[in-house]
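Peer 1: For chain A, the structure is supplied; the task is to place chain B on it using the hints.
2 protein chains.
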Amino acid sequence: MKDLAERAVNGDDRAVARLITHAENCHPDLYEAMRIIHRHGGRAQVIGITGVMGAGKSTLIAEIALEYRKRGKTVGIIAIDPTSPFTGGALLGDRIRMSRLTMDPGIFIRSMGTRGMLGGLTGAVYDVMEIMDASGKDVIIVETVGVGQAEVDIIKIADTTLVVLVPGLGDSIQTIKAGLMEIADIFVVNKADVPGIERTMAEIESMIDLGHRPGVRKTPVLATAAKECKGITELVDAIEEHREFIVGSGSLPDRRRKRYEAELVEIIRKRLMTMIFDEKVFREKVESLIGRIEGKETDPYSAAEEILDGLLK
Amino acid sequence: MKDLAERAVNGDDRAVARLITHAENCHPDLYEAMRIIHRHGGRAQVIGITGVMGAGKSTLIAEIALEYRKRGKTVGIIAIDPTSPFTGGALLGDRIRMSRLTMDPGIFIRSMGTRGMLGGLTGAVYDVMEIMDASGKDVIIVETVGVGQAEVDIIKIADTTLVVLVPGLGDSIQTIKAGLMEIADIFVVNKADVPGIERTMAEIESMIDLGHRPGVRKTPVLATAAKECKGITELVDAIEEHREFIVGSGSLPDRRRKRYEAELVEIIRKRLMTMIFDEKVFREKVESLIGRIEGKETDPYSAAEEILDGLLK
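Quick note, the sequences are listed as chains A and B, same order. Following the working numbering, the numbering of the first sequence begins with 162 at its first residue and continues without gaps. Following the working numbering, the numbering of the second sequence begins with 162 at its first residue and continues without gaps.
Each pair may be met inside one copy or between any two copies, as identical chains are not told apart.
Here are the computed lysine-lysine pairs in the DSS-like style, where the Cα-Cα straight-line distance is at most 25 Å:
1. Lys-457 / Lys-163
2. Lys-163 / Lys-431
3. Lys-441 / Lys-474
4. Lys-431 / Lys-419
5. Lys-379 / Lys-391
6. Lys-419 / Lys-441
7. Lys-431 / Lys-446
8. Lys-457 / Lys-431
9. Lys-446 / Lys-419
10. Lys-388 / Lys-231
11. Lys-457 / Lys-446
12. Lys-231 / Lys-391
13. Lys-431 / Lys-441
14. Lys-474 / Lys-446
15. Lys-457 / Lys-419
16. Lys-419 / Lys-379
17. Lys-431 / Lys-474
18. Lys-391 / Lys-234
19. Lys-388 / Lys-234
To be clear, the hints were calculated from the coordinates, so they are not data collected in a lab.
Okay, chain A solo, but in the shape it has when bound (with noise of 0.2 Å):
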């Protein structure tokens, strides 16, 4: 495992990839290869991507992460939307796209499936994100559906998030309403050559300015259509100034505690949970519980306290 590490900061993708793997399948020596990749990251421009299905993010990416190869960067793609053609969701035509990106070295992908309830889907993307990070990638894209607690928990802590709408859908502002509009960065409004582009825009920008408070960042609403590659210089630029403006506010530090302290939480979590659920002592414990649980003679609730007393202090 701490060779596969060394592999993986010394750039090697082979090694990166079967690193990931381990982190998704929560594998048990896993943190010794954590102790020395953590060493070597910290580095990477973390941006995150968010949006309703079929608002076309995978294609976004796809220009964006050619953008970045174009200035000179690596860049590390972590889609965990289900949806998403990364994931395998993909039609023909986005596979065709996405052929584009697997051929290029500079440019390492890695889907997620999602998991069982404890399975970590969550976890391994701060694993995941570390081990690109460590590796040397410049930028990391993560693509998430921006509807999920779990989700909107992840995008929170990338260094620039950009929600993606599209014109004429209706849900669009229902969705900012709805608790994007604080995480947003950057809004993008992707396919503008739909009908409907300009009042999309002015929709979404006369909701920045009702929430607009004087001497704060005003986020910007750019206009792309990813597929016709138009408008992503424009935008990869104001995710440069989106970077340069928390590094000059001093904001970043804040952003990176925060990315950390999810993640902490997060390998808590899951330490927990394998222990009360695979170790068999435990487990036999839950199944008779919930046995008894069924049969009302007892309730989630007491359970769980006989569960903990038997693991705390």
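Peer 2: Below, chain B without anything else, positioned relative to chain A:
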């Protein structure tokens, strides 16, 4: 707290509402109420409804609720979709439609906002379900957006899960591929008045045929036009049929057991996280460790180990 529980199990909806608020806020004495609640629950039929944004889920839920009322049943609705009209994301037209529900004392609606990382949105859902169940609601409808892991977990434990799609949405098929296929007990193609309905239904049916094994129940596909109240009777008939099927095949207890297990996991998770992040002694430890992680004096895995060493037997 015990008094509130006693009143809730006697069908006092104001007590129900107050208990739910305590559950959402993780009130430290909640367990006292939940012990009583649990003894009175386990009778309600739980229907999960998931699907993409803009599929008209909320209107569909409203119509299903009204149909169950016609059949003499009381209904509880839990909306954990942040973009749902139930959750306040509603446009005016939706609000008017929803008011038909809120006037009926036989329908109890609760929308749940998203919470912070430790706040336990999903956790409270189990409590809310148990509270509504114990208070005598015959049918409980849970609405989620079917893309986040947490949402999928919740929907998995319903007695009957509806996956709602709309015609013409290219994403529909991707959505099915992306894992909703296995959780759907019934597919609903809503907005049946929109062009493309036949094609969408044919696509879904052929996909079901592909994965169909002889001797296994075949997932039905129904068309509805919720706004025009079309297809609702047939849909509720199909839900009842599915309910009879799981009762007859003996799989209802399995679904219930899964629900209790998920609830137990969530209570334990919440308790441990509250302990680690709210109790002063741990909170200080966590903050100092995050500083050391940032400074690369330690790494998240070693830090987690240190916290657990202070916690576990």
